[in-house]
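**Student:** Note that the sequence shown covers residues 2 to 168 in the working numbering.
I should point out that these hints are in silico values taken from the structure, not numbers from a laboratory.
It should be emphasised that the depicted structure is a prediction, and the values quoted were computed from it without experimental measurement.
Don't take every hint at face value.
Unchecked claim - In silico DMTMM-like pairs for lysine to aspartate or glutamate, Cα to Cα no more than 25 Å straight-line: (1) Lys74 / Asp33; (2) Lys158 / Glu109; (3) Lys165 / Asp110; (4) Lys15 / Asp33; (5) Lys42 / Asp30; (6) Lys74 / Asp38; (7) Lys150 / Glu131.
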Amino acid sequence: MENMPFNYQITAHKQMLFNFAFGFTKNYDDADDLVQDTFVKAIRYANLYTEGSNMQAWLYTILRNTFINNYRKSTMRNKIIDVAEDFTSFQLLKSSATNRGIDRLMSEDINKAFRMLPDVYSVPFLRYFEGYKYCEIAVELGIPLGTVKTRIHVARKLLQSTLKMYN
Numbered sequence: 002m003e004n005m006p007f008n009y010q011i012t013a014h015k016q017m018l019f020n021f022a023f024g025f026t027k028n029y030d031d032a033d034d035l036v037q038d039t040f041v042k043a044i045r046y047a048n049l050y051t052e053g054s055n056m057q058a059w060l061y062t063i064l065r066n067t068f069i070n071n072y073r074k075s076t077m078r079n080k081i082i083d084v085a086e087d088f089t090s091f092q093l094l095k096s097s098a099t100n101r102g103i104d105r106l107m108s109e110d111i112n113k114a115f116r117m118l119p120d121v122y123s124v125p126f127l128r129y130f131e132g133y134k135y136c137e138i139a140v141e142l143g144i145p146l147g148t149v150k151t152r153i154h155v156a157r158k159l160l161q162s163t164l165k166m167y168n
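Please put together the full structure from these sequences, using the hints given.
**Tutor:** Below, the structure is given as structure tokens:
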């Protein structure tokens, strides 16, 4: 019952708030929603209102901040949606195989190119591809660390030149 006079006081400013809200949103329905959100927040935080201060300014501040917060949320939501919409099937074609036939042909070409590598390059490269660290490969093969790095680098370059059609 204590909020009853306060509720009447804030509803007396409805038209003024609606005019400001319409100026922000340029849409009657959105302005009406904004005023309603303002009233809900004003009632929720009525204890923060200082009796005798300018209620119209207090309500306007709530309305403006609510509009700004909603605008920021919708802008972020639209950014996320826009990024997802920028991908076309043409753009995705480069990053994925279109069917199993193409995927199988690519795998065969990669395996053939890998089999063409001399063992001195293919073994360190395979170990690296399996997730071993350079130092682990060096210990396993009994060769210096620099040699492991060089052989993996050479293997990459040979595979790139053999598979340049997929570049």
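**Student:** Each hint: holds or not?
**Tutor:** Hints versus structure:
Taken as a hint, the Lys74 and Asp33 pair is honoured in the structure, with Cα atoms around 19 Å apart against an allowance of 25 Å. Taking the CA atoms of Lys158 and Glu109, the gap is near 19 Å; set against the 25 Å cutoff, the hint holds. A threshold of 25 Å between alpha carbons decides the hint, and for Lys165 with Asp110 the separation of about 11 Å falls inside it, so the pair holds. This hinted pair checks out: Lys15 and Asp33 have alpha carbons roughly 10 Å apart, not beyond 25 Å.
Proximity of Lys42 to Asp30 is assessed by CA-CA distance (about 18 Å); at most 25 Å being required, the pair is judged to hold. Taken as a hint, the Lys74 and Asp38 pair is honoured in the structure, with Cα atoms around 15 Å apart against an allowance of 25 Å. Our distance criterion of 25 Å between C-alpha atoms is met by Lys150 and Glu131, whose separation comes to about 15 Å.
The structure meets every hint from the earlier list without exception.
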